[in-house]
Each structure stands twice: as C-alpha cells, then as structure tokens.
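Chemist: One letter stands for each residue in the lines below.
There are 2 protein chains.
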Amino acid sequence: MEVRYRANFINSLSGFKSANLIGTQDSLGNCNLAIFSSVVHLGASPALVGFVMRPDNGSRHTLNNITETKCYTINQVSAGFFKQAHQTSARYLQQESEFEKTYLETQFMDGIAPPFVRASRLKYAVTLKEVIPIKLNSTLFIIGEITDVISDNTVIKSDGYIDIEALNTVNISGLDSYHTSKRILRLSHAKPETEPKTLFNLG
Amino acid sequence: MEVRYRANFINSLSGFKSANLIGTQDSLGNCNLAIFSSVVHLGASPALVGFVMRPDNGSRHTLNNITETKCYTINQVSAGFFKQAHQTSARYLQQESEFEKTYLETQFMDGIAPPFVRASRLKYAVTLKEVIPIKLNSTLFIIGEITDVISDNTVIKSDGYIDIEALNTVNISGLDSYHTSKRILRLSHAKPETEPKTLFNLG
Numbered sequence: 001m002e003v004r005y006r007a008n009f010i011n012s013l014s015g016f017k018s019a020n021l022i023g024t025q026d027s028l029g030n031c032n033l034a035i036f037s038s039v040v041h042l043g044a045s046p047a048l049v050g051f052v053m054r055p056d057n058g059s060r061h062t063l064n065n066i067t068e069t070k071c072y073t074i075n076q077v078s079a080g081f082f083k084q085a086h087q088t089s090a091r092y093l094q095q096e097s098e099f100e101k102t103y104l105e106t107q108f109m110d111g112i113a114p115p116f117v118r119a120s121r122l123k124y125a126v127t128l129k130e131v132i133p134i135k136l137n138s139t140l141f142i143i144g145e146i147t148d149v150i151s152d153n154t155v156i157k158s159d160g161y162i163d164i165e166a167l168n169t170v171n172i173s174g175l176d177s178y179h180t181s182k183r184i185l186r187l188s189h190a191k192p193e194t195e196p197k198t199l200f201n202l203g
Numbered sequence: 204m205e206v207r208y209r210a211n212f213i214n215s216l217s218g219f220k221s222a223n224l225i226g227t228q229d230s231l232g233n234c235n236l237a238i239f240s241s242v243v244h245l246g247a248s249p250a251l252v253g254f255v256m257r258p259d260n261g262s263r264h265t266l267n268n269i270t271e272t273k274c275y276t277i278n279q280v281s282a283g284f285f286k287q288a289h290q291t292s293a294r295y296l297q298q299e300s301e302f303e304k305t306y307l308e309t310q311f312m313d314g315i316a317p318p319f320v321r322a323s324r325l326k327y328a329v330t331l332k333e334v335i336p337i338k339l340n341s342t343l344f345i346i347g348e349i350t351d352v353i354s355d356n357t358v359i360k361s362d363g364y365i366d367i368e369a370l371n372t373v374n375i376s377g378l379d380s381y382h383t384s385k386r387i388l389r390l391s392h393a394k395p396e397t398e399p400k401t402l403f404n405l406g
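If you're matching them up, the sequences are chains A and B in order.
Residue numbering for the first sequence follows the working numbering, starting at 1 and increasing by one per position.
Residue numbering for the second sequence follows the working numbering, starting at 204 and increasing by one per position.
By construction, these hints were calculated from the structure, which means they are not laboratory data.
Every residue gets a Cβ at the ideal spot worked out from N, C-alpha and C, and that includes glycine.
Any given hint might turn out to be false.
[What the hints assert, rightly or not] Below are the DSS-like pairs computed for lysine-lysine, each with C-alpha atoms no more than 30 Å apart in a straight line:
no., chain 1, residue 1, chain 2, residue 2
1, A, K191, B, K304
2, B, K273, A, K135
3, B, K286, B, K273
4, A, K157, A, K197
5, B, K385, A, K101
6, A, K83, A, K70
7, B, K400, A, K182
8, A, K135, A, K70
9, B, K273, B, K338
10, B, K286, A, K182
11, A, K197, B, K286
12, B, K273, A, K191
13, B, K304, A, K197
14, B, K385, A, K83
15, B, K400, A, K135
16, B, K360, B, K394
17, B, K394, A, K101
18, B, K332, B, K273
19, B, K394, A, K157
20, B, K385, A, K197
21, B, K286, A, K83
22, B, K394, A, K70
23, B, K385, A, K135
24, A, K129, B, K338
25, A, K83, A, K157
26, B, K385, A, K182
27, A, K83, B, K394
28, A, K182, B, K360
29, B, K400, A, K101
[Stated by the list, open to error] Facing chain B, from chain A, some residues (calculated, C-beta under 7 Å):
no., residue
30, A7
31, S12
32, N20
33, H41
34, Q76
35, H86
36, I164
37, A166
38, D176
39, Y178
Model the full assembly from the supplied sequences, consistent with the hints where possible.
Modeler: Below is the structure:
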C-alpha cells in the first residue's frame with residue numbers, strides 16, 4: 001500500500017476516535033495547543049487518562065512542555081471550533097502559539113499553569129504520572145491523573161454521566177473526518193440471562 | 204464522589220470512544236466475545252492497535268485466551284447489533300460462549316483461529332505483540348499487529364479512508380451510551396498560514 005493510502009486505511013480500523021485539544025506551556029510561558037485523537041480513559045479511581053504521541057512529528061512541542069512542566073490540559077472539541085482544532089496540527093514554530101494562529105482564546109485558572117481552551121465546554125487539568133515508551137513503533141503512551149474538571153453543569157446527569165452529545169462534542173474517523181453524534185440510547189449494566197434495559201433515552 | 208457516579212463522570216471525560224468486540228478462543232476451542240471501548244490506533248506501519256483491560260473483571264477470559272493463543276479478532280460494532288454487543292459484558296462463565304448467549308454468529312477464516320463476528324462489516328485479525336502493565340491502576344495495555352482485514356469494499360474510498368459511518372459503526376460515551384454519527388466533513392492536511400480545505404463531504 002502507498003504510504004498515505006495505508007495511513008488512511010489503518011487509521012479507520014479502530015473505529016471512532018475522541019477529539020481533544022491538549023494545552024501546554026513551556027517554562028518561558030509560551031503556550032502550545034495540539035489536537036489528539038488518541039485520548040483514552042484508563043480508570044476512574046485514580047482518575048487516569050492516556051494518549052499516544054509520536055515524538056518525532058509536530059507534537060514534539062507538546063511532549064517537551066509536558067515533560068518539562070508535568071502538567072497539561074485536555075479540552076473536548078465541539079462542532080463550533082473543530083476547524084480551528086484541526087488547524088493546530090499544522091507545523092508551527094515553538095515560539096508560535098497555536099491559540100493565536102487558530103484564533104482560539106486561552107483561559108487560565110488559578111493554581112493551574114497550562115492554558116485551557118475557552119471555547120471548550122468540557123475540559124480538565126492533568127498531572128503527568130508516567131511516560132511509557134512503545135518500542136514497537138517508537139511512540140509514547142502518556143498517562144496523567146485528572147485533577148480539576150471544568151464542565152457545563154447543565155449536562156451532568158444525576159448519575160454522573162456527562163451528556164457530551166449535548167455539548168456538540170465531535171468525534172473523528174480516519175485521519176481527518178469529523179462527526180457529530182446521534183444518541184441511540186443508554187443501556188443498563190449487562191447481566192447474564194437478562195435483556196439490557198434502556199437506561200435513559202436522552203436523545 | 205460515590206463509586207458509580209464517579210465511574211460515569213470520569214468515563215465521560217475522554218470524549219467519544221470506539222465500540223469493538225474482541226473475539227478469542229481458548230486452547231480447547233471455547234469461543235469468547237467481549238465489548239471494549241478502549242481500542243486505539245497506535246500506528247500504520249507496522250499496523251498496530253492497542254486496548255486497555257482490567258485483568259480482575261469480566262474481561263479476564265479475553266486476557267487468558269490472548270496470552271494463551273497470541274491472536275484475537277477486533278470487530279467494529281454497528282447500530283444493527285449494539286445491544287447484543289453490550290450484552291457480552293455480562294459475566295458469563297469460561298465455558299459459556301458470548302456468541303451463543305447473545306445470538307451473535309461466529310465466522311471463521313482460513314488460517315485464523317479466533318472467531319470473527321459475522322454481523323460486523325469491518326473486522327480484522329490481530330497478533331499479540333506486547334502486554335504493557337500500567338502499574339498506576341493495575342490495568343494492562345495490550346498491543347497487537349493487524350494481519351488481515353475483512354471489510355465491505357464499497358465503503359473504502361480511493362485514498363484508503365474507510366467510511367465507517369456508512370457501516371453504521373457506533374461510538375460510546377460514558378459507560379453505556381451508544382451513538383451513531385453524522386459526518387460534518389473531511390478536512391485536508393493542515394499547513395501553517397493556510398485554511399484547511401474541505402477534502403470530501405461524503406455526508
């Protein structure tokens with residue numbers, strides 16, 4: 001397979017991916033913002049989140065800043081600013097801020113150094129816990145603990161579920177296709193010999 | 204936070220998740236099928252895919268079978284059988300097949316031992332490459348190489364992108380909410396000082 005064909009093809013196989021902007025700052029205060037489609041839930045207690053990065057490409061500024069400062073923000077991308085989010089993947093220079101270049105406004109919170117994306121309605125601060133090298137293809141699996149969550153209260157349901165569809169959070173397929181979602185339903189915890197019940201039909 | 208509330212809340216933070224059924228077989232030929240929402244693309248060359256599992260819960264049969272046989276299948280879940288896919292997360296016994304219990308038909312391919320899900324229109328065989336223990340919360344990151352892909356040809360575009368939306372592939376938010384997707388558009392590779400162009404508007 002030709003390189004680009006292969007990239008598109010293999011990137012489609014894992015299914016829909018999350019769309020998140022990772023905000024960081026270097027020790028001089030330069031802000032950086034980069035889109036990642038590999039953010040994955042690792043566990044609720046402790047609250048751990050991971051993502052995959054390739055250190056030799058455009059995301060090296062993110063990596064440098066995270067290893068230097070040990071903290072970053074993760075900001076869900078919604079339909080209202082997904083084009084700007086996509087544009088952060090262009091190769092800007094270390095001293096150039098993707099916030100400025102893509103017209104995404106920063107937002108700072110007391111006690112948290114790295115910048116949030118103001119436009120994001122669900123975002124959180126993360127402290128670096130571990131960088132796991134994946135030797136098979138020289139990528140890194142970056143694991144952090146969620147310390148502070150900023151969310152639109154109106155979409156948090158009584159059981160803790162956050163209705164990210166109501167936030168217009170997008171998802172990605174392949175390398176470059178952006179999608180909104182359409183809820184089918186929520187299903188109850190599965191038990192043997194029992195049909196799963198519809199838990200909530202929020203849609 | 205109460206345990207279940209916390210699980211729902213933290214599971215919502217990473218954004219939309221992929222929905223995949225992982226098919227395995229033990230050395231006696233017992234088939235197992237389990238749904239995972241943590242399958243993540245790791246790289247195109249070699250074609251690597253990872254997923255997270257907690258060895259102490261219902262997915263231990265999957266783990267045992269993978270470490271024993273070194274191979275498994277990953278099957279994208281579509282709207283047509285997502286309830287059955289969800290039901291595979293019930294705690295069945297080792298000798299019980301989730302295929303039978305959830306009325307999902309197996310499909311076998313020459314030279315590949317583990318079972319595929321016949322109903323899935325995009326599925327692939329994977330060879331185990333590495334099991335990385337995540338000590339922070341005693342989970343495992345399972346990495347495999349994709350060896351064989353079975354896909355509906357009509358949804359593979361000329362640039363290699365697979366239109367998984369046309370397959371009705373679902374995605375998950377939180378622990379239990381299932382969604383179909385609605386494409387906004389595909390964007391061209393981002394370059395500094397250039398607006399991303401619409402690549403394809405397949406929707």
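Chemist: Which numbered hints are broken by the structure, listed smallest first?
Modeler: Violated: hints 15, 19, 21, 23, 37.
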